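What follows is each chain in one-letter form.
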Amino acid sequence: MGVIFLTPIVEAKGLTKAFGSHIAVDNLSFTVEEGEVFGLLGPNGAGKTTTIRMLACLIAPSEGAARVSGYNIAENPLDVRQTVGILTENPSLYERLSAQENMDFFAEAYNLSEPKEKISRIKELLEFFDLWERRNDKVATFSKGMKQKLAIARALVHKPPVLFLDEPTAGLDPESAKEVRDLMEMLSRREKHTILLCTHHLEDAEKLCNRVMIINKGKNMVVGTPDELRNRIIGKPTVRINLRKFDPKIVEATKKVSHVQQVEFNESTSNLTIILDDASIGTPEVVKSIVDAGGQILAVYAVRPSLEEVYLKMVKGER
Amino acid sequence: MRIEKAMLVFRKDWHEIRRNWQVVLPIIVVPLMISVFLPVILGVIPNFATSQGDSSSGFEALIENLPNHVLEQLASMTEMQVMLYVIAVYFFAPFFLIIPLMASSVIASDSFAGEKERKTIEALLATPISDGELFLGKMLVSFIPSMAITVVSFAVYTIVFDVISYGIFNSILLLPTIDWILLIFGLAPTVALASIGLTVMISARVKGFREAQQISVVLLIPVLALVFGQVTGAIVFGPVVILALIGLFGLVDFAVFRAGVKLFNREEILTKLA
Chain S
476 MGVIFLTPIV EAKGLTKAFG SHIAVDNLSF TVEEGEVFGL LGPNGAGKTT
526 TIRMLACLIA PSEGAARVSG YNIAENPLDV RQTVGILTEN PSLYERLSAQ
576 ENMDFFAEAY NLSEPKEKIS RIKELLEFFD LWERRNDKVA TFSKGMKQKL
626 AIARALVHKP PVLFLDEPTA GLDPESAKEV RDLMEMLSRR EKHTILLCTH
676 HLEDAEKLCN RVMIINKGKN MVVGTPDELR NRIIGKPTVR INLRKFDPKI
726 VEATKKVSHV QQVEFNESTS NLTIILDDAS IGTPEVVKSI VDAGGQILAV
776 YAVRPSLEEV YLKMVKGER
Chain H
1093 MRIEKAMLVF RKDWHEIRRN WQVVLPIIVV PLMISVFLPV ILGVIPNFAT
1143 SQGDSSSGFE ALIENLPNHV LEQLASMTEM QVMLYVIAVY FFAPFFLIIP
1193 LMASSVIASD SFAGEKERKT IEALLATPIS DGELFLGKML VSFIPSMAIT
1243 VVSFAVYTIV FDVISYGIFN SILLLPTIDW ILLIFGLAPT VALASIGLTV
1293 MISARVKGFR EAQQISVVLL IPVLALVFGQ VTGAIVFGPV VILALIGLFG
1343 LVDFAVFRAG VKLFNREEIL TKLA
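For the protein sequence lines, the chains are S and H, in the order given. Position one of the first sequence corresponds to residue 476 (this note's numbering), numbered consecutively onward. Position one of the second sequence corresponds to residue 1093 (this note's numbering), numbered consecutively onward.
It should be emphasised that the hints constitute simulated quantities derived from the structure, not laboratory data. Given the structure is predicted, the values throughout are model-derived calculations rather than measurements. Check the hints yourself; a few may be wrong.
To be verified - Anything over 10 Å on all C-beta distances counts as not near chain S; from chain H, calculated: (1) L1158; (2) V1243; (3) I1270; (4) A1336.
As the list claims (entries may be wrong) - 20 Å max Cα-Cα, derived PhoX-like pairs, lysine-lysine: (5) S:K613 / H:K1211; (6) H:K1211 / S:K619; (7) H:K1211 / H:K1354; (8) S:K613 / S:K634; (9) S:K711 / S:K731; (10) S:K763 / S:K720.
What the hints assert, rightly or not - Covered stretches of chain S, going by a simulated chain H footprint (3 or more residues, C-beta under 8 Å): (11) 530 to 537; (12) 569 to 578; (13) 615 to 625.
By construction, the Cβ of each residue, glycine as well, lies at the ideal position given by its N, Cα and C atoms.
Put together the whole structure using the sequences plus the hints.
This is the structure in structure tokens:
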């Protein structure tokens, strides 16, 4: 996404968690920079929630260490918790209480006790999440999507520098999931939170994350920007060009372009698939060569594997 | 330890509990039975017993063990007055140790186990509220309502017995006595705190509310022993006995609270989710 991050706000070194003989998280090391949206991507049971729980000082690592907002998770758990907003796997809301009462409790629990500041922050968040009109209703009467939005609002109430979001769109219908995803995107832009996002929804990671770490069986499989991960499995950038009419002369002309490494063609669809060593320089040159050879171009596509393909390749490869 | 954080946990839980009639109803009904219905029924017994010519009604053991100065007082009373006096001042005293225990048992069992069952525990444990503040808050939400209901029950009980005895004792009010004041405001809170602390510890360690409640029933046994002891005359709740018990249970409270905070383990609570 072209953003430069300078300061690591989450640093994990050799983080390991064993439950008896089962190793849930195995020697994870990573950093999350200030203002970054960092995705922990993996299948169920990969160790995502355990990692977040260790970083939020809910469970202790068996081995390794981590710092969150400069605080050591083993030595300063209360300071770590104060600087972290967490959306847990379940919304964890008090259903007999109203939305306002839930927010009041968590605001004060996170030391936002000054009444004016507290009231204005809660109003701001409930309005942002479109829940202000329902603030006095019991949470039990809310839909799943509304509960999830309220849980995110709760995590934000004390303006935490770091947000841990564990499966924020899990269990939601597609419409609610999109709404929550859009709100998180707006949030990361507007409030500049550092977000550690646990998900197995590739769409969430693709849309929201600056960097992604794919984990499986508690191990770090790969880490990088979504583009880097794609490039890692695709190897070289690929362009697909749809022609009005196929002509062998065009293929020959294309092969002569300096950045072209390989050309494949499909006569029935009039498509050329071209592998380049540098897409940014090679693509315009290829287009020019086709036009010079008398070809008529209908469309040019950059062929990029989805994050899903990267993910499946990594996870299945491990299995 | 920040008391305001413990009070915050108390207020949150109380807001939830007061809207749950399944919890509130037993808290009100049991004390009401002890403070109103039983005194009314037993208050009638002396009249019935004396009219039948049976003055004992099973209280001899208790009367025989009363302190000498009380026995001297009883010597100048009629049979009916003796029985009413013994029932009002001595017989029911230990039952008021059961009221806070029964009233708090449901709430204390629900404290952490209920949050696990309702899947609200993780967000609570993720807050920067310390172990001690959380533990104290959960104790207070059981302690404050149960003591409030105990004091109200005592007030009702006093009025009921004073109304019954006013005519029989020539306008003298039997209650409250110094023993009762010590019992309600000294012994009942210390006994309740010990029981609540242990129940909250159990609640943090089990998966669900029912399990916590079943285990915590065991905690009633020592108090039931006191009740049995008083009714049979083995123990008589005089000021010295009550003060000694207050001291003893005060120490137990301190030890239970220390142990509760020390053994409080967020990881164990989370990994035992229902």
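Hint-by-hint comparison with the structure:
1. L1158: Answer for H:L1158: holds, closest chain S Cβ roughly 49 Å.
2. V1243: Label holds. Min Cβ-Cβ 26 Å, cutoff 10 Å.
3. I1270: Consistent with the label, H:I1270 stays out of reach of chain S, its closest Cβ about 42 Å off (over 10 Å).
4. A1336: holds (40 Å)
5. S:K613 / H:K1211: holds (16 Å)
6. H:K1211 / S:K619: Satisfied, since the Cα-Cα distance of roughly 14 Å is no more than 20 Å.
7. H:K1211 / H:K1354: With a Cα-Cα distance of about 24 Å, the restraint between H:K1211 and H:K1354 is violated, given a limit of 20 Å.
8. S:K613 / S:K634: At roughly 24 Å apart (the allowed maximum being 20 Å), S:K634 and S:K613 break the hint.
9. S:K711 / S:K731: holds (18 Å)
10. S:K763 / S:K720: With a Cα-Cα distance of about 16 Å, the restraint between S:K763 and S:K720 holds, given a limit of 20 Å.
11. 530 to 537: Since three or more residues must qualify, the claim that chain H covers the region 530 to 537 of chain S holds, with 5 doing so at under 8 Å.
12. 569 to 578: holds (count 5)
13. 615 to 625: violated (count 0)
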